[in-house]
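Now for the letters of each chain:
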Amino acid sequence: MGFWEQFGIWLAALFTIGIISFLYKDNVLYKACEAIFVGVSAGYWFVVYYWDMLYKKFYQQVTDPVNPEWYPWLGVILGVLMLTRLSNKIGWLSRWPLAFVVGATAGLYMMVYFVSNAIVQIQGTIVPLAEGTAGDIIANILVAAGTFCGLIYFFFSKEHRGAFGGAAKIGIWFLMITFGASFGYTVMSRMSLMIGRIDFLFGRWLELIP
Amino acid sequence: MIFGKSLYCSFIIIACFFTVATAQNEAVATVDSVGQILPQPPGNIIVADHKYDNGGIIDIAWDRSPDDPLGIDGYNIYRACGDGDFEIVAFVLPGGMESYSFIDDKVERGESYRYKISVISSGGESFSESSVSVRGDWEFFDLDKLNILILGIIVCGSVIGFIFTARAGRKLFIRKISGLEALEEAVGRATEMGRPILFIPGILDMDDVQTLAAITILARVSRIVADYDSKIEMPVSRSLVMTTARETIKNSYLAAGRPDAYYDDMVHYVTDEQFGYVAAVNGIMVRDKPATCLYLGAFFAESLILAETGNYIGAIQIAGTARPGQLPFFVAACDYTLIGEELFAASAYLSGDPKQLGSLKGQDVGKFVAMAAMIIGTLAVTVVSAWQFKFFGWLSDLMYSMFSTN
Amino acid sequence: MKRTIPVIIVSVVGTVLVLSVFFPPVQTMGEDFSLFFDIIAVFAFFLGGGNLVRIHLVKIYRKRPDWGFSVVTLVGFFVTLLVGLGKLSVTGVTASVTAPDSFLQTIFVNIITPLSSTMYALLAFYVASASYRAFRAKNREATILLIAAFIILLGRTPLGMKLTGWIPEWLSILQIPNLAVWIMNAPNLAGQRAILIGVGLGVVAMSLRLILGMDRTYLGSDND
Chain S
1 MGFWEQFGIW
11 LAALFTIGII
21 SFLYKDNVLY
31 KACEAIFVGV
41 SAGYWFVVYY
51 WDMLYKKFYQ
61 QVTDPVNPEW
71 YPWLGVILGV
81 LMLTRLSNKI
91 GWLSRWPLAF
101 VVGATAGLYM
111 MVYFVSNAIV
121 QIQGTIVPLA
131 EGTAGDIIAN
141 ILVAAGTFCG
151 LIYFFFSKEH
161 RGAFGGAAKI
171 GIWFLMITFG
181 ASFGYTVMSR
191 MSLMIGRIDF
201 LFGRWLELIP
Chain H
1 MIFGKSLYCS
11 FIIIACFFTV
21 ATAQNEAVAT
31 VDSVGQILPQ
41 PPGNIIVADH
51 KYDNGGIIDI
61 AWDRSPDDPL
71 GIDGYNIYRA
81 CGDGDFEIVA
91 FVLPGGMESY
101 SFIDDKVERG
111 ESYRYKISVI
121 SSGGESFSES
131 SVSVRGDWEF
141 FDLDKLNILI
151 LGIIVCGSVI
161 GFIFTARAGR
171 KLFIRKISGL
181 EALEEAVGRA
191 TEMGRPILFI
201 PGILDMDDVQ
211 TLAAITILAR
221 VSRIVADYDS
231 KIEMPVSRSL
241 VMTTARETIK
251 NSYLAAGRPD
261 AYYDDMVHYV
271 TDEQFGYVAA
281 VNGIMVRDKP
291 ATCLYLGAFF
301 AESLILAETG
311 NYIGAIQIAG
321 TARPGQLPFF
331 VAACDYTLIG
341 EELFAASAYL
351 SGDPKQLGSL
361 KGQDVGKFVA
371 MAAMIIGTLA
381 VTVVSAWQFK
391 FFGWLSDLMY
401 SMFSTN
Chain W
1 MKRTIPVIIV
11 SVVGTVLVLS
21 VFFPPVQTMG
31 EDFSLFFDII
41 AVFAFFLGGG
51 NLVRIHLVKI
61 YRKRPDWGFS
71 VVTLVGFFVT
81 LLVGLGKLSV
91 TGVTASVTAP
101 DSFLQTIFVN
111 IITPLSSTMY
121 ALLAFYVASA
131 SYRAFRAKNR
141 EATILLIAAF
151 IILLGRTPLG
161 MKLTGWIPEW
171 LSILQIPNLA
181 VWIMNAPNLA
191 GQRAILIGVG
201 LGVVAMSLRL
211 ILGMDRTYLG
221 SDND
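Residue numbers (our numbering), protein chains in the order written: chain S, 1 to 210; chain H, 1 to 406; chain W, 1 to 224.
Do not take every clue at face value.
A few chain S residues facing chain W, derived, Cβ under 8 angstroms [claimed, not checked]:
#: 1; residue: F15
#: 2; residue: C33
#: 3; residue: F37
#: 4; residue: Y71
#: 5; residue: M82
#: 6; residue: A99
#: 7; residue: N117
#: 8; residue: F174
#: 9; residue: F179
Keep in mind that the hints were calculated from the coordinates and are not lab data. We put the CB at the ideal spot given by N, CA and C, even for glycine.
Let the sequences and hints guide you as you build the complete structure.
Now the structure itself:
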């Protein structure tokens, strides 16, 4: 194994131990790892954004010898307006690109979420309840009833009292099952992540595991 | 007799000659000039203008080459504009299917195009016949989305309707959301303990609706913080969020009459890297020991790390996210959790403004429509499917078409 | 005017993008927005990166606690910037800066990846501590959450099959792995649907409030 490869493994091991040491308490090694992580990753992502977005999506598009585009200039104008924030006099201009982003996000995702979250889910619930095996029928009824009661729980206009409150209670039970299922589903995958790091420390670094 | 035999033999010889010649001609059709065996070309090229687009898309379909998939490397798609030459625009890998399709989204609206498909193998390239000419046209309205428009108008109309109702002075009841009711108490606790409030707006950028929701809540929270003369700390993972949050908090302090108490470093950028950000926030939490931690926005795996560290330092924690996968961890580790749409309702709820509260009633109309559709639709399809009661077939079809997303 | 124009921008841009879903002539506006957003985000990074440098420089200058680590942060930041913007060890301006043998990719593989992976791996401990606290079953809801989590957890391990393998075939739904699958496909699905439908409607209402100019909190003001 070459020197640089060995150096890389030792560095990775040091970082691994440094981060895990946080579980005991905050310490110098963790602080050092945190500082390196923040500095290097901030620099990394700026570099990636610069080359992939500014250079590729703007510079190469506007300077293309065959088919130069003009509309990326609008993005640059908005970006420059963003930088006016540094000035006290004209800093109010930086609200314009912010407003553009807020408006575009609101407009773009309004229908995306409405379709993918609301309509698709309602569509999925409209199924024949009496089709398939007894298990399928029970499952379909449970899904429909659970969705119904879950929506009742989220109602803002009515206090959770009486029959309405009872349905809302059933709704929260379904939500708890959902949360418990998600929780249980991810436990093993989280464990496997730690097993991976332990394997690296004892296998690749200390070479105690063949 | 000899003449007859000769004639017969001549006939046989001539017949054989033609048979061989024909076979050779057929062999010539699949053998090129250097003797390689060319693949048989694809056929049945169908081209059509894509429905409900802005005129820049053409759909192409063709039947596979009879030699597909054995020895075929793929298909080249050639396009000619008007009377121009054909030029290659795409390559499609073979998949052994009976027919293939391709969407050409690089055409100009109003121009006419012709297409040819060629099949490539080690033996060479064989071309299909040219397709008919097709023109990319645009349609003004996407009729496939008419049902979505109708449903959208119902929901948006009810939101706007209730806003006007509230504007007219009618009192609208909104039930208590415990996580939001606890906000002021949480800020008060931090003020009493002399420790800051930590606000984490998620790890996505301003182009995510959950971050947008977090920023709208931030305005309310920072107003309470300014009124209480407490401290708010907001490390962020995205520069644009930093810029927006600074603007928001600054104006909240201005509105509270405390512009001198505001300073830019309340909101500071850390790093775009997910776990780098979390490592830094963990460090801030154990060193600065905020009394209240607010996690509102889009979170991924780091949700549990943040919430558990908050528990370790004894902070009161209020979380909110629309991602069902992360809600369990917040529910397990935080004192209060805003589940899904409660996050989007929070800003309106905290404003106390009747017009904004009216929009929450509009959301309820949407839920009512959803519940009604589920009941009616499910019953209709069940009755039709189980008991063949065709009378409700129209209702079943209507429900399916209203909630289709083609 | 300083507040009115941004509100108008939000309304106009938001309305156009909502309509772009239904009207093909403006359909490509969504893609254009993504491009503009990416460019704006890069410019915003000048502010963010500048803020990062300034905060740590001030910390070093004023010798605040742990100022030494600020030096480390800044060195890491500038070295990575130099390596990446200069495309060190990358041949040609058009080659990818994250090419496998580039210095930047070496930094990513040897520094960022092990740090990220280990932070992610901490979740194993945190999920255990969260489970301990959450599963003390103080009320009915917590009990339901606990039971569902246990069944799903056991259902994904061989132990689950061993515990309930004795259950006869006609009651096989009660075998833990089958029960886990059923829970994921039935009650879990119901809860997920309720949350997602609510989220969809919540986004519509919030977007409408922003587009109609009722919620101007991003400007710090709600005044009409």
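Cross-check of the supplied hints:
1. Nearest Cβ of chain W to the Cβ of F15 (chain S): about 5 angstroms, under the 8 angstroms cut. The hint holds.
2. Residue-level restraint check for C33 (chain S) holds (minimum Cβ-Cβ distance to chain W is 6 angstroms; threshold 8 angstroms).
3. Of the supplied interface hints, the one on F37 (chain S) holds, with its beta-carbon coming within about 5 angstroms of a beta-carbon of chain W, less than 8 angstroms.
4. With a cut of 8 angstroms, the hint placing Y71 (chain S) at the interface with chain W holds, because the nearest CB-to-CB distance is about 6 angstroms.
5. The beta carbon of M82 (chain S) is positioned within 8 angstroms of a beta carbon in chain W (closest approach about 5 angstroms), and the interface hint is therefore held.
6. For A99 (chain S), the shortest C-beta to C-beta distance to chain W is roughly 4 angstroms, which falls under 8 angstroms, so the interface hint holds.
7. Evaluation of the N117 (chain S) hint against chain W yields a held restraint, the C-beta minimum of about 3 angstroms falling below 8 angstroms.
8. Taken as an interface hint, F174 (chain S) checks out: its beta carbon lies about 4 angstroms from the nearest beta carbon of chain W, inside 8 angstroms.
9. Against a cut-off of 8 angstroms between C-beta atoms, the interface hint on F179 (chain S) holds, since the closest Cβ of chain W lies about 5 angstroms away.
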